[in-house]
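Q: Now for the letters of each chain:
Number of protein chains: 2
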Amino acid sequence: MKKIINGVESLLEESLNGFAKAHSDIIQLNRQPHFVTRKQQTKAGKVALISGGGSGHEPLHTGLVGSGMLDAACPGQIFTSPTPDQMMAAAEAVENEAGVLFIVKNYAGDVMNFEIAAEMLDCQHQTVLVTDDVSLPKDHSTGRRGVAGTLIVEKIVGAAAEAGATLLECKALGERVNDNTASMGVALTSCTVPALGQPTFEIGDNEIEMGVGIHGERGREPMDLTSASDIVEHLVTAIDADLKPQAGQKILLHVNGFGATPAMELYLVYELAAELWQQRGVEVERSLVGNYTTSLDMAGCSITVTLLDDELTQLWDAPVHTANLRW
Amino acid sequence: MKKIINGVESLLEESLNGFAKAHSDIIQLNRQPHFVTRKQQTKAGKVALISGGGSGHEPLHTGLVGSGMLDAACPGQIFTSPTPDQMMAAAEAVENEAGVLFIVKNYAGDVMNFEIAAEMLDCQHQTVLVTDDVSLPKDHSTGRRGVAGTLIVEKIVGAAAEAGATLLECKALGERVNDNTASMGVALTSCTVPALGQPTFEIGDNEIEMGVGIHGERGREPMDLTSASDIVEHLVTAIDADLKPQAGQKILLHVNGFGATPAMELYLVYELAAELWQQRGVEVERSLVGNYTTSLDMAGCSITVTLLDDELTQLWDAPVHTANLRW
Chain A
1 MKKIINGVES LLEESLNGFA KAHSDIIQLN RQPHFVTRKQ QTKAGKVALI
51 SGGGSGHEPL HTGLVGSGML DAACPGQIFT SPTPDQMMAA AEAVENEAGV
101 LFIVKNYAGD VMNFEIAAEM LDCQHQTVLV TDDVSLPKDH STGRRGVAGT
151 LIVEKIVGAA AEAGATLLEC KALGERVNDN TASMGVALTS CTVPALGQPT
201 FEIGDNEIEM GVGIHGERGR EPMDLTSASD IVEHLVTAID ADLKPQAGQK
251 ILLHVNGFGA TPAMELYLVY ELAAELWQQR GVEVERSLVG NYTTSLDMAG
301 CSITVTLLDD ELTQLWDAPV HTANLRW
Chain B
1 MKKIINGVES LLEESLNGFA KAHSDIIQLN RQPHFVTRKQ QTKAGKVALI
51 SGGGSGHEPL HTGLVGSGML DAACPGQIFT SPTPDQMMAA AEAVENEAGV
101 LFIVKNYAGD VMNFEIAAEM LDCQHQTVLV TDDVSLPKDH STGRRGVAGT
151 LIVEKIVGAA AEAGATLLEC KALGERVNDN TASMGVALTS CTVPALGQPT
201 FEIGDNEIEM GVGIHGERGR EPMDLTSASD IVEHLVTAID ADLKPQAGQK
251 ILLHVNGFGA TPAMELYLVY ELAAELWQQR GVEVERSLVG NYTTSLDMAG
301 CSITVTLLDD ELTQLWDAPV HTANLRW
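Those protein sequence lines, which keep their order, are chains A and B.
For the record, in the first sequence the residue sitting at position 239 is 239 according to the numbering used here, with numbers rising by one throughout.
For the record, in the second sequence the residue sitting at position 159 is 159 according to the numbering used here, with numbers rising by one throughout.
Calculated directly from the structure, the hints in this document are not laboratory data.
One or more hints might be untrue.
Partner residues are not named here, just some residues of chain A that face chain B (Cβ under 10 Å, in silico) [unchecked claim]:
id : residue
1  : S24
2  : N30
3  : Q32
4  : G56
5  : P199
6  : I203
7  : E207
8  : M210
9  : Q246
10 : A247
11 : K250
12 : A299
13 : C301
14 : A318
With a straight-line cut-off of 20 Å between C-alpha atoms, the simulated DMTMM-like cross-links for lysine to aspartate or glutamate are [said to hold, decoys possible]:
id : chain 1 : residue 1 : chain 2 : residue 2
15 : A       : K2        : B       : E285
16 : B       : K2        : B       : E202
17 : B       : K21       : A       : D179
18 : A       : K39       : A       : D224
19 : A       : K2        : B       : D224
20 : A       : K43       : A       : E175
21 : B       : K2        : A       : E202
22 : B       : K2        : A       : E221
23 : B       : K2        : A       : E162
24 : A       : K46       : A       : E221
25 : B       : K244      : B       : E202
26 : B       : K250      : B       : D224
27 : A       : K21       : B       : D317
28 : B       : K46       : B       : E92
29 : B       : K244      : B       : D309
30 : B       : K21       : A       : D25
31 : B       : K46       : B       : D224
32 : B       : K244      : B       : E95
33 : B       : K46       : B       : E202
34 : A       : K39       : B       : E285
35 : B       : K21       : A       : E283
36 : B       : K21       : A       : E97
37 : A       : K21       : B       : E233
38 : A       : K2        : B       : E283
39 : A       : K250      : A       : E162
40 : A       : K2        : B       : D230
For each residue, glycine too, the CB sits at the ideal point set by N, CA and C.
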C-alpha cells in the first residue's frame with residue numbers, strides 16, 4: 001500500500017486538523033466528537049442542514065459546509081459510519097430554532113446511526129434519504145445507494161434553507177431532488193482502504209467495473225475495458241431508463257471523479273454524455289465536473305443527472321461558499 | 001493502460017470540447033489553433049496575461065482563465081509544448097492596448113515556442129519565466145523547472161493586471177513572486193502518458209521519488225517509502241533552505257495533488273507542513289490545498305511556499321472567477 005500517511009489510527013485526526021487549518025475562514029472543527037460546522041453563526045430561524053458519512057469521499061461532506069449549503073458535517077472513520085454522538089453534538093451546536101434536517105446517504109450503518117441520533121434529539125428534526133444510484137434495481141432489498149447525487153441534494157436544499165424554507169419544505173424539496181436525480185459509476189481500479197492495506201476488489205488489466213459503489217462495492221457487472229464512448233453510453237442509458245427525460249427537459253449534468261482520474265478524462269466523459277443527451281433533445285442547462293464524491297484513490301467516475309425546473313435551477317445557482325464548492 | 005479515452009489522437013480535442021461546454025459561462029474555446037479565452041471582453045488598457053503548456057496538468061492553465069487571472073491559455077498535446085501559432089493567435093485575440101505578458105514554465109520547448117511567438121508579435125510583450133522547483137540546484141544548466149508555483153504567479157499578477165498595472169509592472173511583479181516562491185514534489189507512482197501507453201518511470205512498491213517533476217521526470221533521489229512526517233520534513237527542509245524565511249515571515253502554503261492522491265492525504269501533508277513552519281516561527285497566512293498542477297494520474301504531491309508581504313497578500317485575496325479557482 002502506497003500512501004502518504006503516518007498511521008492508520010492517526011490519519012483522520014491529522015487530516016481533519018489540516019482541513020480545519022486550511023479553511024479556518026469558513027469552518028471550524030470540533031474534536032470530541034468530530035464534527036465540522038460553519039465559522040459564521042447563522043440567523044435564528046434557519047433550518048440546520050447536517051450530513052455525514054464515512055471519510056474517504058472528500059470533499060463530501062466536510063468540504064461542503066458553509067454559507068448556502070451544510071451547517072454541519074460528521075465524518076466517520078474511512079468508509080465507516082459516523083456515530084450517533086457525533087450527529088447529536090453537531091445538531092446541538094447548529095440547531096437554531098427551526099429544526100434539523102439530516103441528509104443521509106442510504107447505507108445501513110449511516111441510516112441506523114442517524115436514526116438513533118434523531119430519536120434522541122430534543123429539537124424538531126427530519127431526514128432526507130439519498131438513493132440516487134441506479135446500478136441497483138429500485139426494489140433492491142436495502143434500497144438504492146446514495147452516491148454523487150447527495151451533493152446536489154445538499155446544494156439545492158442548502159439554498160432553500162438559506163432563503164428561509166421551513167423544515168418540512170426542506171425535507172419535501174430534498175426528496176423531490178432525490179426523486180429527480182440518478183447516478184451511475186464505473187471503476188477502472190479498486191481503491192485501497194488504509195486499514196485493509198490492499199485493494200478492496202480484484203480487477204483485471206482489461207476489465208472495468210460497471211455500476212460500482214463509492215466504497216469499492218462490486219458493481220452491476222464486470223466488463224471488458226472499452227472506449228470512452230461505450231462506457232459513457234452504458235452509464236447514460238441506465239440513467240435515461242430511470243429518469244426518462246423528455247425532449248426539451250432541462251438537466252444538471254454532473255461528472256464526478258472517484259479520485260484518481262485525470263481532469264482531461266472527466267471532461268471527455270462530460271462531452272460524450274452531453275452529446276448523448278443533446279441527441280435525445282434534452283438540454284444540458286447546468287454542469288459540474290470534478291472530484292466531489294470520491295472513493296479514496298479509485299480510478300473511474302460517475303455520471304449524475306438531475307431533472308431541473310425553474311425553481312431547482314434558481315436554487316442551484318444561488319450563492320454558495322464552502323471549502324470546495326463556491327460561486 | 002487503463003484510461004477512459006476513445007483514442008490518443010482525439011483525447012485533447014474531445015476533452016477541450018467538454019471543458020468549453022461545461023464552463024461556457026466563463027470561457028470560450030478557439031479550435032484552430034487551440035486556445036481558451038475569457039468569455040467576457042476585458043476593458044481596454046488591461047494587460048493581457050497568457051500562459052500555456054502541455055496538457056495533462058489540468059486545471060493549469062485552461063481552468064485558470066477568467067476574471068482576475070489569465071486572459072488566455074494555450075494547451076499543447078499531453079506534456080508537449082503548445083506551438084507558436086497558438087500563442088500568437090491567442091495574443092491577437094486578447095491583446096487590448098496594454099500589451100501581452102507571457103507566463104511560461106521553464107521547460108525548453110515551452111520557452112523556445114513562446115520566444116518564437118514573442119518575436120513575431122506586433123504588440124508590446126514581456127515574459128515571466130517560472131522557475132520554482134528547488135529539487136534542481138539554482139545553477140542547473142537549463143535552470144530550475146516551473147511547477148505548482150506557476151498558479152501563484154498567475155493569480156497574483158492576474159489581480160494586479162485587473163487593477164490596472166502596466167506591462168512592466170506586471171512583469172516585475174511576476175518575477176518578484178517567482179523569486180519568493182519555492183516548490184518541491186514527491187511521487188508515489190509514475191503517471192502514464194496515453195501516447196506511450198506505459199508508466200513514464202519504474203518505481204518499486206516500497207520506493208518514492210523525491211523531487212519529481214510534473215511530467216514524471218525522475219527526481220532528486222529515489223527513497224524508501226516512509227512516513228508522511230518524514231516525507232513532509234524532506235520537502236519542507238528543501239524549500240526552507242532555498243527561501244530562508246525568518247521568524248515572523250508570513251507565507252502562502254500550497255499543497256498540490258498530482259492527480260491520484262486522496263484529499264485526506266493532501267490535508268494531512270498540509271497539516272504537517274504548517275506545523276513545521278509554525279515551529280520555525282513562520283506564519284501560515286494563506287492556504288491552497290487540492291489538485292491544481294497535476295501530472296495526469298500520478299500519485300504524490302508537491303509543497304509550494306510563497307513569502308508574502310501586504311501587497312502580495314492583498315493581490316492573492318482579490319476576487320478571481322475561473323473554472324477552477326474562485327473566490
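Q: State for each hint whether it applies.
A: Each hint tested on the structure:
1. Annotation: S24 (chain A) was flagged as interfacial toward chain B, and the flag holds, the nearest CB pair being 9 Å apart, inside 10 Å.
2. Because the beta carbon of N30 (chain A) sits about 17 Å from the nearest beta carbon in chain B, more than 10 Å, this interface hint is broken.
3. Given hint, Q32 (chain A) at the interface with chain B, is violated; its Cβ is 18 Å from that chain's nearest Cβ, farther than 10 Å.
4. The beta carbon of G56 (chain A) comes within 7 Å of a beta carbon in chain B, closer than 10 Å, and the hint placing it at the interface holds.
5. Interface restraint check: P199 (chain A) against chain B, minimum CB-CB distance 13 Å, threshold 10 Å, status violated.
6. Satisfaction of the interface hint for I203 (chain A) is found here, the shortest Cβ-Cβ separation to chain B being roughly 9 Å, below the 10 Å cut-off.
7. Contact between E207 (chain A) and chain B, as hinted, is supported at the beta carbon level, the nearest pair being about 9 Å apart and thus within 10 Å.
8. Interface restraint check: M210 (chain A) against chain B, minimum CB-CB distance 12 Å, threshold 10 Å, status violated.
9. With a cut of 10 Å, the hint placing Q246 (chain A) at the interface with chain B is violated, because the nearest CB-to-CB distance is about 22 Å.
10. For A247 (chain A), the interface hint is violated, the least distance from its beta-carbon to any beta-carbon of chain B being 19 Å, above 10 Å.
11. The criterion of a C-beta within 10 Å of any C-beta in chain B is not met by K250 (chain A), whose closest approach is roughly 15 Å, and the hint is violated.
12. Given the 10 Å rule on beta carbons, the hint for A299 (chain A) holds: about 7 Å separates it from the nearest Cβ of chain B.
13. Hint on C301 (chain A) holds. Least Cβ distance to chain B is approximately 7 Å, under the 10 Å limit.
14. With a least beta-carbon distance of about 15 Å to chain B, the hint placing A318 (chain A) at the interface is violated under the 10 Å criterion.
15. Restraint check for K2 (chain A) and E285 (chain B): not satisfied, since their Cα atoms lie roughly 31 Å apart, outside the 20 Å limit.
16. For the hint linking K2 (chain B) to E202 (chain B), the alpha-carbon distance of about 17 Å falls within 20 Å, and the restraint holds.
17. Under the criterion of a C-alpha separation no larger than 20 Å, the hint pairing K21 (chain B) with D179 (chain A) is inconsistent with the structure, at around 26 Å.
18. Simply put, K39 (chain A) and D224 (chain A) have alpha-carbon atoms about 48 Å apart, too far for the 20 Å limit, and the pair is violated.
19. For the hint linking K2 (chain A) to D224 (chain B), the alpha-carbon distance of about 11 Å falls within 20 Å, and the restraint holds.
20. A threshold of 20 Å between alpha carbons decides the hint, and for K43 (chain A) with E175 (chain A) the separation of about 25 Å lies outside it, so the pair is violated.
21. Pair hint K2 (chain B) plus E202 (chain A) holds up; C-alpha atoms about 14 Å apart against a cutoff of 20 Å.
22. A C-alpha spacing of about 17 Å is found between K2 (chain B) and E221 (chain A), which places the hinted pair at or below 20 Å, so the restraint holds.
23. For the hint pairing K2 (chain B) with E162 (chain A), the CA-to-CA distance comes to about 43 Å; that exceeds 20 Å, so the pair is violated.
24. Distance restraint check for K46 (chain A) and E221 (chain A): the Cα-Cα separation of roughly 44 Å exceeds the 20 Å cut-off, and the hinted pair is therefore not satisfied.
25. Only pairs whose Cα atoms come within 20 Å are accepted, and K244 (chain B) paired with E202 (chain B) is rejected, the gap being roughly 34 Å.
26. Annotation: proposed proximity of K250 (chain B) to D224 (chain B) is violated, straight-line Cα distance about 33 Å (limit 20 Å).
27. Between the alpha carbons of K21 (chain A) and D317 (chain B) the distance comes to roughly 17 Å, so the proposed pair stays at or under 20 Å and holds.
28. Between K46 (chain B) and E92 (chain B), the direct Cα distance comes to roughly 14 Å. Compliance with the 20 Å bound is thereby established for this hinted pair.
29. Annotation: proposed proximity of K244 (chain B) to D309 (chain B) holds, straight-line Cα distance about 15 Å (limit 20 Å).
30. For a cut-off of 20 Å, the pair hint linking K21 (chain B) to D25 (chain A) is broken: about 32 Å separates their Cα positions.
31. Proximity of K46 (chain B) to D224 (chain B) is assessed by CA-CA distance (about 50 Å); at most 20 Å being required, the pair is judged violated.
32. At roughly 38 Å between alpha-carbon atoms, K244 (chain B) and E95 (chain B) are farther apart than 20 Å, so this suggested pair is violated.
33. Only pairs whose Cα atoms come within 20 Å are accepted, and K46 (chain B) paired with E202 (chain B) is rejected, the gap being roughly 47 Å.
34. Between the alpha carbons of K39 (chain A) and E285 (chain B) the distance comes to roughly 17 Å, so the proposed pair stays at or under 20 Å and holds.
35. With a C-alpha separation of about 12 Å, the suggested pair K21 (chain B) and E283 (chain A) falls inside the 20 Å cut-off, and the hint holds.
36. Only pairs whose Cα atoms come within 20 Å are accepted, and K21 (chain B) paired with E97 (chain A) is rejected, the gap being roughly 42 Å.
37. In summary, the hint linking K21 (chain A) to E233 (chain B) is supported, as the alpha carbons are separated by about 18 Å, within the 20 Å threshold.
38. Restraint check for K2 (chain A) and E283 (chain B): the C-alpha separation of about 31 Å exceeds 20 Å, so the hint is violated.
39. Proposed proximity of K250 (chain A) and E162 (chain A) is contradicted: the alpha carbons are some 24 Å apart, above 20 Å.
40. For the suggested pair K2 (chain A) and D230 (chain B), the alpha carbons sit about 14 Å apart, so the restraint of at most 20 Å is met.
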